[in-house]
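Listed below are the residues making up each chain.
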Amino acid sequence: MQYHTPGSFDDAATIAAKAEGVTRFLAGGTDVLVQLRADMVTPDVLIDIKHIDGVSDIAREDGGWRIGVAVTGAEMTEHPELDKEWPGVVEAMDLIGSTQIQGRATLVGNLCNGSPAADSVPAMIAAGASVSVVGPDGSRTIKVEDVPTGPGRTSLEKGEVVSAVHLPARGDNGGDAYLRFIPRTEMDIAVVGCGVNLRLDGDRVAEARVSLGAVAPTVLLVEEAAQAVIGTTLDAAALEALSAAASAACKPINDKRGTIEFRTHVAGVLAKRAAKIAYDRAGGAK
Amino acid sequence: MPNVSMTVNGKAVSAEVEPRTLLVQFLREKLSLTGTHVGCDTSQCGACVVHVNGKSVKACTTLAVQHEGADVTTIEGLAQNGELHPMQEAFKEHHGLQCGFCTPGMVMSAIDLVKTHPNPDEKTIREGLEGNICRCTGYHNIVKAVKAAADNMGG
Ligand SMILES: Cc1cc2nc3c(=O)[nH]c(=O)nc-3n(C[C@H](O)[C@H](O)[C@H](O)COP(=O)(O)OP(=O)(O)OC[C@H]3O[C@@H](n4cnc5c(N)ncnc54)[C@H](O)[C@@H]3O)c2cc1C
Ligand code: FES
Ligand code: FES
Numbered sequence: 001m002q003y004h005t006p007g008s009f010d011d012a013a014t015i016a017a018k019a020e021g022v023t024r025f026l027a028g029g030t031d032v033l034v035q036l037r038a039d040m041v042t043p044d045v046l047i048d049i050k051h052i053d054g055v056s057d058i059a060r061e062d063g064g065w066r067i068g069v070a071v072t073g074a075e076m077t078e079h080p081e082l083d084k085e086w087p088g089v090v091e092a093m094d095l096i097g098s099t100q101i102q103g104r105a106t107l108v109g110n111l112c113n114g115s116p117a118a119d120s121v122p123a124m125i126a127a128g129a130s131v132s133v134v135g136p137d138g139s140r141t142i143k144v145e146d147v148p149t150g151p152g153r154t155s156l157e158k159g160e161v162v163s164a165v166h167l168p169a170r171g172d173n174g175g176d177a178y179l180r181f182i183p184r185t186e187m188d189i190a191v192v193g194c195g196v197n198l199r200l201d202g203d204r205v206a207e208a209r210v211s212l213g214a215v216a217p218t219v220l221l222v223e224e225a226a227q228a229v230i231g232t233t234l235d236a237a238a239l240e241a242l243s244a245a246a247s248a249a250c251k252p253i254n255d256k257r258g259t260i261e262f263r264t265h266v267a268g269v270l271a272k273r274a275a276k277i278a279y280d281r282a283g284g285a286k
Numbered sequence: 287m288p289n290v291s292m293t294v295n296g297k298a299v300s301a302e303v304e305p306r307t308l309l310v311q312f313l314r315e316k317l318s319l320t321g322t323h324v325g326c327d328t329s330q331c332g333a334c335v336v337h338v339n340g341k342s343v344k345a346c347t348t349l350a351v352q353h354e355g356a357d358v359t360t361i362e363g364l365a366q367n368g369e370l371h372p373m374q375e376a377f378k379e380h381h382g383l384q385c386g387f388c389t390p391g392m393v394m395s396a397i398d399l400v401k402t403h404p405n406p407d408e409k410t411i412r413e414g415l416e417g418n419i420c421r422c423t424g425y426h427n428i429v430k431a432v433k434a435a436a437d438n439m440g441g
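Chains as they are written, first to last, in this note's numbering: chain A, 1 to 286; chain B, 287 to 441.
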């Protein structure tokens, strides 16, 4: 295994583009090194991106945030302004692992590992987050929902490396939330995860984004669920419609951790609960 | 093979390592510091926790080559001049261990916890030690030990 510590994203992309064999980027390593230990994936080329300038910064950008690719869950939780504006994204990331894992795990690692159950991904999708990507042929920006293409797979081309996460400006009367269901209370993988992001106009929902994790081969952005609450005051009828739309979008697997029926049902329940929290956070508490 | 240099328990060490060598393998196999344990292969048990630049880290989930120039402390580096660290003392005093397999990692995590939360309540201790699994004690005496150590450490 070769180990590289490039000083820029261009260098990282060049190394990755030329690499032969299995190539991985090393952010927190909480997926890469676990897979290496288990002999699941042994990279031939490992590119540590933590030596690039600015990768640990959380910075203001167009009223929103630019989050570096080495920023850890713990650093996000400890950032009061970020937590105030995007509590759903921060709480989703905070669910990942214990103190030591929190000290290393990153949003981009969670996203690019490609797990359909990745906790931060529904929250980022609900928030309308995007990522910048640097590749051998230049840079591009991709919406988070367009990154995963299947379990363990992403739309990144060979040689492409994510250089930052962008969260949009929070703006007024907005709120987001993330909830997951796990069989234990801690240290487990989501059986269902749900992120909801709302903007209110008075007590009515003006904008909504609803995202579900662990119920399909990729994390889903569920347009019908958003439509079910837009224009409503999130009354009982709207919540029922939201729940039905969320359940209808599910194409889950059946396994010992959750049957198809169970996951489908829980998706609806979590969507309702997360929507209520987002609504309260947006200032719509009744 | 790349060379890696770091400070371990106050001593400068340097060695050639395969890039895929985990920090825990480096400590146990190259430096014979076998106090740091390996209890799982999924980064869940916490038996391998050491301090890197003062913060608790799972030594099984990081490569030795990532720690060029780092300051590492293992369980062996805690006692000073034959005196146990107050956290070790408290584990002994309050029976915070039975078989002792989880203890090195538990102690290292607990020290970091008390550093960031000088006066932790039971909930904070239980949450802070979430990444450390003990199969013997049922955690009760571990929590007591950490509380007592926090008091002794001037929290
Ligand atoms: C004990 C434990 C508990 C966990 N609990 C959870 C949990 O509750 N929920 C959850 O969702 N996950 C969980 N995880 C999984 C893991 O911690 C997360 O997925 C984490 O966010 C991965 O981030 P990382 O920085 O460690 O990624 P790494 O392991 O460094 O990288 C992961 C993947 O992302 C790619 N990558 C990294 N950076 C870039 C980049 N800049 N550009 C392109 N590709 C990149 C790598 O090539 C690799 O394929 C857990 C893991 C452990 C060990
Ligand atoms: S050996 Fe189990 S967490 Fe490191
Ligand atoms: S004392 Fe035996 S595992 Fe904790």
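One should not assume that every hint holds.
Between beta-carbon pairs, the in silico distance windows are [claimed, not checked]: (1) A:K18 to B:S291: 25 to 31 Å; (2) B:G355 to A:Q2: 17 to 23 Å; (3) B:G386 to A:E78: 54 to 60 Å; (4) A:V269 to B:T402: 33 to 39 Å; (5) A:T141 to B:H381: 52 to 58 Å; (6) A:E240 to B:T402: 39 to 45 Å; (7) B:T402 to A:D146: 35 to 41 Å; (8) A:G202 to B:C326: 37 to 43 Å; (9) A:T233 to B:P404: 41 to 47 Å; (10) B:D437 to A:G231: 53 to 59 Å; (11) B:T402 to A:G202: 41 to 47 Å; (12) A:A244 to B:K409: 35 to 41 Å; (13) A:I189 to B:K297: 47 to 53 Å.
No wet-lab data here; the hints were simulated from the structure. The beta-carbon is built from N, C-alpha and C at its ideal position, and this holds for glycine as well.
Numbers of the earlier hints that this structure fails to satisfy, in rising order: Of the numbered hints, 3, 8 and 13 do not hold.
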